[in-house]
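Asker: Chain residues, written in single-letter form:
Protein chains: 2
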Amino acid sequence: MKIVVLAGGVGAARFLEGLVQITNPIDITVIVNTGDDEDFYGLRVCPDIDTILYTLSGNNNEKQGWGLKDETFAVSNQLGKFGYERWFMLGDKDFATHIHRTNLLQQKKTLSEITENLAKLFSLPIKLLPMSNDVVKTKVKTPHGILSFQEYFVKRKFQDTVLSVIFSGIKKAKPAPGVIEAINIAEAIIIAPSNPIVSIGTILAVPTITSHIKKSHAKKIAISPIIGGKAIKGPADIILTNLGIESSAFGVANIYKELLDTFILDAQDRFQKEKIEKLGMRVVTTNTIMKNLQTKKLLAQTVINTLCM
Amino acid sequence: MKIVVLAGGVGAARFLEGLVQITNPIDITVIVNTGDDEDFYGLRVCPDIDTILYTLSGNNNEKQGWGLKDETFAVSNQLGKFGYERWFMLGDKDFATHIHRTNLLQQKKTLSEITENLAKLFSLPIKLLPMSNDVVKTKVKTPHGILSFQEYFVKRKFQDTVLSVIFSGIKKAKPAPGVIEAINIAEAIIIAPSNPIVSIGTILAVPTITSHIKKSHAKKIAISPIIGGKAIKGPADIILTNLGIESSAFGVANIYKELLDTFILDAQDRFQKEKIEKLGMRVVTTNTIMKNLQTKKLLAQTVINTLCM
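In order, the protein sequence lines correspond to chains A and B.
Each residue of the first sequence is one higher than the one before, counting from 22 in the numbering used here.
Each residue of the second sequence is one higher than the one before, counting from 22 in the numbering used here.
Be a bit skeptical, because a hint or two may be false.
Heads up, the list lumps identical chains together, so a pair's fine if it works in one copy or across two of them.
[Unchecked claim] With a cut-off of at most 30 Å between alpha-carbon atoms, the simulated DSSO-like pairs for lysine-lysine come out as follows:
{"id": "1", "residue 1": "K294", "residue 2": "K102"}
{"id": "2", "residue 1": "K148", "residue 2": "K299"}
{"id": "3", "residue 1": "K141", "residue 2": "K299"}
{"id": "4", "residue 1": "K193", "residue 2": "K312"}
{"id": "5", "residue 1": "K193", "residue 2": "K84"}
{"id": "6", "residue 1": "K102", "residue 2": "K141"}
{"id": "7", "residue 1": "K130", "residue 2": "K102"}
{"id": "8", "residue 1": "K148", "residue 2": "K102"}
{"id": "9", "residue 1": "K102", "residue 2": "K278"}
{"id": "10", "residue 1": "K129", "residue 2": "K235"}
{"id": "11", "residue 1": "K235", "residue 2": "K148"}
{"id": "12", "residue 1": "K160", "residue 2": "K235"}
{"id": "13", "residue 1": "K312", "residue 2": "K192"}
{"id": "14", "residue 1": "K294", "residue 2": "K130"}
The hints are simulated quantities; they were obtained by calculation from the structure and are not laboratory data.
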C-alpha cells in the first residue's frame with residue numbers, strides 16, 4: 022500500500038519511527054516542510070528534513086529534541102569567538118550535513134536530489150521529498166516585526182504574538198519532482214502530528230498540492246498535534262490561539278476539514294469527537310503521546326487500521 | 022620603518038614571528054600568496070594566509086606543521102562518512118575559519134576585506150594582504166596530469182615530477198588594494214624564506230607587482246629557503262631540481278637576481294657567497310634555521326641589521 026505522509030519535524034519523525042516498523046517502508050513517501058529552512062553562516066539548514074534524517078537513522082538526540090546524538094560544538098564555539106550569534110546551535114557532525122548540502126547546492130544540485138542523497142547516506146528506508154525545490158520562507162508577523170520562523174521559534178522562544186504567518190515565495194513554488202506523482206498514486210495520505218499552520222500549512226500552500234490531495238482517491242487521515250489544548254513540542258498551540266483559532270483537536274480538524282476522511286485524536290480529547298464528526302469526518306481516539314517505540318508503533322498501527330475500516 | 026614582506030606559508034610565518042618581536046609590527050605589511058587557495062567541500066581554504074593567521078596569533082599546531090593547535094576532527098570524520106576524500110585534513114576550529122570566509126565571499130566581500138577581518142579576529146599586529154582578490158590557481162604539470170598545487174603537494178605528497186608550473190588566471194589578476202601602495206612606500210622589501218617558484222613566484226607573477234618592486238627605492242632582501250641544498254619543509258628543492266634549477270642558495274638568488282640588494286643564506290652555504298655576489302647582490306650569512314623564538318628573532322635582527330649596512 023502506497024502511503025504519503027505530510028511532515029514537519031519532531032512530531033512527524035516520531036510518528037514515522039513507528040510507521041516504518043509496521044509497514045513496508047519502501048512504500049512510504051514523506052513530503053517535508055521546507056519553509057523553516059534558513060541559512061546560518063552561509064550554510065543551508067533544513068530543520069525538518071534533518072530531524073527526519075537523524076531520527077529515522079537513529080542518530081537524533083532524543084533528549085535534546087534537535088540535532089545529532091554524541092555531538093561536540095567546536096565549530097560553533099569558534100564561530101562564537103568570531104562574533105557570530107549562536108542561538109541556532111549546530112553540532113560539529115550537524116555542520117557536516119549543512120556543509121555537504123550547501124556544497125551540492127553550489128554545484129547546482131536541487132534540494133530533492135540532495136535530500137535523496139542524504140537519505141541514502143543516513144540509510145533511510147523511506148523516500149524523503151522536500152515539498153519544493155524552490156525557496157519558501159515562512160515568516161511570522163509580530164509586534165516585534167517580521168521574523169523568520171527560526172528567529173521567532175528558536176531565537177525569541179515564541180514569546181511574540183503571531184499576528185499573521187507569511188509564506189514568502191510560495192506563489193512561485195512548484196512541488197518538488199515526485200510530490201504530485203506520489204500523491205496521485207497514494208492509497209493513503211497521512212498528515213503527521215505536526216504544526217497545522219507553519220509545517221503542514223506550508224506544504225498545503227504550495228500551489229497544486231492541496232488540489233491534488235483533494236482529487237486523490239486515497240484515504241486521508243490526520244493525527245492531531247494538539248492534546249488537551251497543548252502542543253507536545255513547539256508553538257502550535259500558541260500560534261493557533263494568536264491567530265484566533267481554537268487550540269484543540271477540533272481546531273486542527275476544522276483547518277483540515279475539506280481534506281480528511283478520518284481524524285485521529287488523543288483519548289483525553291474524546292469529548293470533542295462528536296463536534297469533529299460534524300465536520301464530515303470519521304474520528305478515532307487513541308493514545309497519541311509517543312513516549313517510546315511501543316507507543317509510536319501503536320499509533321501507527323491505529324492509523325493503518327483506520328484505512329481498512 | 023615601513024616593511025613589506027612577500028610571504029608563502031610556514032617559512033614566512035616563522036620568520037614573521039621573529040620580525041614582529043624586534044620591529045614595530047604596525048609598520049609591517051605582509052603580501053601573501055593565494056595561488057595555493059583551494060575549495061574543499063565548497064569552502065574556501067587559503068593555506069598560506071591561514072598559516073600566518075594561526076602562527077602569528079600563537080594558535081598554530083607547530084608540531085604538525087599545519088592547522089590550529091588543540092583541534093578535533095568531528096566535521097571531517099562525518100564528511101568522510103559521506104564519502105568525501107579527506108587528504109586535506111581540516112580540524113573543527115579550522116572549519117570555522119573557512120565557513121566564515123566562504124560566508125563573507127558569498128556576501129560579496131573581497132578576499133582582502135575578509136583577510137583584514139580575520140587578522141583582526143586573530144589579533145594580528147601586522148597588516149595582512151592577499152596578493153590579489155582575483156582567483157589565481159597554481160597548477161603543476163606532471164606525468165600524472167595537471168594537478169592543483171594542493172593535489173600535488175598534500176594529496177600526492179610531491180611524488181610527481183614537475184614538468185612546469187602554471188599560474189592559472191594570473192594575467193587577469195590585479196594586485197589586491199594596498200599591495201602596490203605598500204610596495205611604493207616601503208623602506209624595506211623582504212622576501213621571506215618561502216618557495217621561490219610556487220609561493221614567491223606566484224606573488225611576483227601578479228601583473229605590476231614585480232615592476233613596482235623593481236622601481237621601489239626600498240632595500241630589497243631575500244632569505245634563502247634552501248639550506249644545504251634542501252628545503253626545511255615542502256617541495257621547494259624538488260620543484261627547483263625538476264625545473265632544471267640548481268637547488269641551492271645560489272639557485273634561489275639567481276631567480277631573484279634582478280630584484281635584490283641583499284641575499285641572506287645559511288652559514289652552512291657560505292661557500293656559495295662569492296658566486297652569489299657575482300649576481301650583483303650583497304650576501305650575508307647567518308643561522309637561518311628557525312628552531313625556536315630565539316633563532317627566529319636572531320634571523321629577523323640580522324635582516325634588519327643589513328638595512329642599516
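Asker: Are the hints correct? Go through all of them and say.
Answerer: Comparing the hints with the structure gives:
In this homomeric assembly, K294 and K102 never come within 30 Å of each other (Cα to Cα): the closest approach is 54 Å inside a single copy and 49 Å across copies. Neither within a single protomer nor between protomers do K148 and K299 lie at most 30 Å apart by alpha-carbon distance, with minima of 35 Å and 74 Å respectively. Taking the shortest alpha-carbon separations for K141 and K299, neither the intra-copy value of 43 Å nor the inter-copy value of 66 Å comes in at or below 30 Å. Proximity of K193 and K312 under a CA criterion of 30 Å is satisfied in neither setting, with 39 Å inside one chain copy and 62 Å between copies.
When the C-alpha separation of K193 and K84 is checked against a cutoff of 30 Å, the pair qualifies neither within a copy, at 38 Å, nor between copies, at 55 Å. In this assembly of identical chains, the alpha carbons of K102 and K141 lie at most 30 Å apart only when taken from different copies (12 Å versus 35 Å within one copy). Taking CA atoms no more than 30 Å apart as the test, K130 paired with K102 passes between copies only; the shortest distance there is 20 Å, against 32 Å inside one copy. Taking CA atoms no more than 30 Å apart as the test, K148 paired with K102 passes between copies only; the shortest distance there is 21 Å, against 39 Å inside one copy.
For the homomeric pair K102 and K278, neither the shortest alpha-carbon distance inside one copy (50 Å) nor that between copies (45 Å) is at most 30 Å. In the homo-oligomer, the alpha carbons of K129 and K235 never lie at most 30 Å apart, since the shortest distance is 33 Å inside one protomer and 45 Å across protomers. In the homo-oligomer, the alpha carbons of K235 and K148 lie at most 30 Å apart inside one protomer (22 Å), although the nearest pairing across protomers, at 64 Å, exceeds that limit. For the identical chains of this complex, K160 and K235 are intra-copy neighbours only, at 26 Å inside a copy versus 58 Å across copies, given an alpha-carbon limit of 30 Å.
In this homomeric assembly, K312 and K192 never come within 30 Å of each other (Cα to Cα): the closest approach is 38 Å inside a single copy and 64 Å across copies. Within a single copy, K294 and K130 get their C-alpha atoms no closer than 46 Å, and across copies no closer than 59 Å, so neither meets the 30 Å cut-off.
Violated hints, listed in ascending order, are 1, 2, 3, 4, 5, 9, 10, 13 and 14; each of the other numbered hints is respected by the structure.
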